[in-house]
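Take the sequences, apply the hints, and build the full model.
Read top to bottom, the protein sequences are chains A and B. For the first sequence, position 115 (counting from the first letter as 1) is numbered 115 according to our numbering, and the numbering increases by one without interruption. For the second sequence, position 28 (counting from the first letter as 1) is numbered 28 according to our numbering, and the numbering increases by one without interruption.
These aren't lab readings, by the way, just hints derived from the structure by calculation. Hints should not be assumed to be uniformly reliable.
Computed list of lysine-lysine pairs in PhoX-like fashion (alpha-carbon distance at most 20 Å, straight line) [unchecked claim]: (1) K57(B) to K71(A); (2) K3(B) to K71(B); (3) K57(A) to K71(B).
Chain B residues, not near chain A, derived (Cβ > 10 Å throughout) [as the list claims (entries may be wrong)]: (4) Q34; (5) A86; (6) P111.
Between beta-carbon pairs, the in silico distance windows are [to be verified]: (7) T54(A) to N53(B): 27 to 33 Å; (8) N28(A) to K3(B): 31 to 37 Å; (9) T69(B) to L69(A): 42 to 48 Å.
Note that the structure is a prediction, hence the values are computed from the model and not measured. Each residue gets a CB set at the ideal place from its N, CA and C atoms; glycine is no exception.
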Amino acid sequence: NAGVTQTPKFQVLKTGQSMTLQCAQDMNHNSMYWYRQDPGMGLRLIYYSASEGTTDKGEVPNGYNVSRLNKREFSLRLESAAPSQTSVYFCASSDSAGVGNSPLHFGNGTRLTVT
Amino acid sequence: SQKIEQNSEALNIQEGKTATLTCNYTNYSPAYLQWYRQDPGRGPVFLLLIRENEKEKRKERLKVTFDTTLKQSLFHITASQPADSATYLCAHNTNAGKSTFGDGTTLTVKP
Numbered sequence: 001n002a003g004v005t006q007t008p009k010f011q012v013l014k015t016g017q018s019m020t021l022q023c024a025q026d027m028n029h030n031s032m033y034w035y036r037q038d039p040g041m042g043l044r045l046i047y048y049s050a051s052e053g054t055t056d057k058g059e060v061p062n063g064y065n066v067s068r069l070n071k072r073e074f075s076l077r078l079e080s081a082a083p084s085q086t087s088v089y090f091c092a093s094s095d096s097a098g099v100g101n102s103p104l105h106f107g108n109g110t111r112l113t114v115t
Numbered sequence: 001s002q003k004i005e006q007n008s009e010a011l012n013i014q015e016g017k018t019a020t021l022t023c024n025y026t027n028y029s030p031a032y033l034q035w036y037r038q039d040p041g042r043g044p045v046f047l048l049l050i051r052e053n054e055k056e057k058r059k060e061r062l063k064v065t066f067d068t069t070l071k072q073s074l075f076h077i078t079a080s081q082p083a084d085s086a087t088y089l090c091a092h093n094t095n096a097g098k099s100t101f102g103d104g105t106t107l108t109v110k111p
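Put into structure tokens, the structure is as follows:
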């Protein structure tokens, strides 16, 4: 049981390049999330998907797009990377976004550097 | 909007002592507060959840309290061990599923 798997683990991009961060969960969870974590700013929600077929913006969506490919997979795309997007990106899943007591299960992150 | 504040960036204690971490929230009382542990280079791992109408929750050496008057949750680790050294995050969850996290408190337990 792998839980939440993120790829790649590390990535270096030049300004203006694009890339897609992949995330998959094997817990049959309905909801999936993308967070970024920066020193002194904690975890901030970028986008989330309450259920298959739906996506919504979080706190910091600008510069990102997402796709909920199926129940298992939720990808995050940077179309034109900027240095301000240098961060650690975490994918998470939960049983239900509609229930506030559903804990989040996180992957181990993608460390992205944009030069 | 709701803000979660974890007052201490770092806490250093001696092995065997009780560690107490603080989480304060502004504005409205959250329905739930969750506590996570994060080790370097890893994602956060869920530890405990406490509901608004619960005053205290326990799990092994962990205890969480929720005081709606003070707008505060306290997270205690009793009989602390060096293996408890990590960053601990407090999170507020809305029923829409969006979580707001504090910046975390890094606990170091010295042998």
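For which of the previously enumerated hints does the structure constitute a violation, in increasing order of number? 1, 3 and 4
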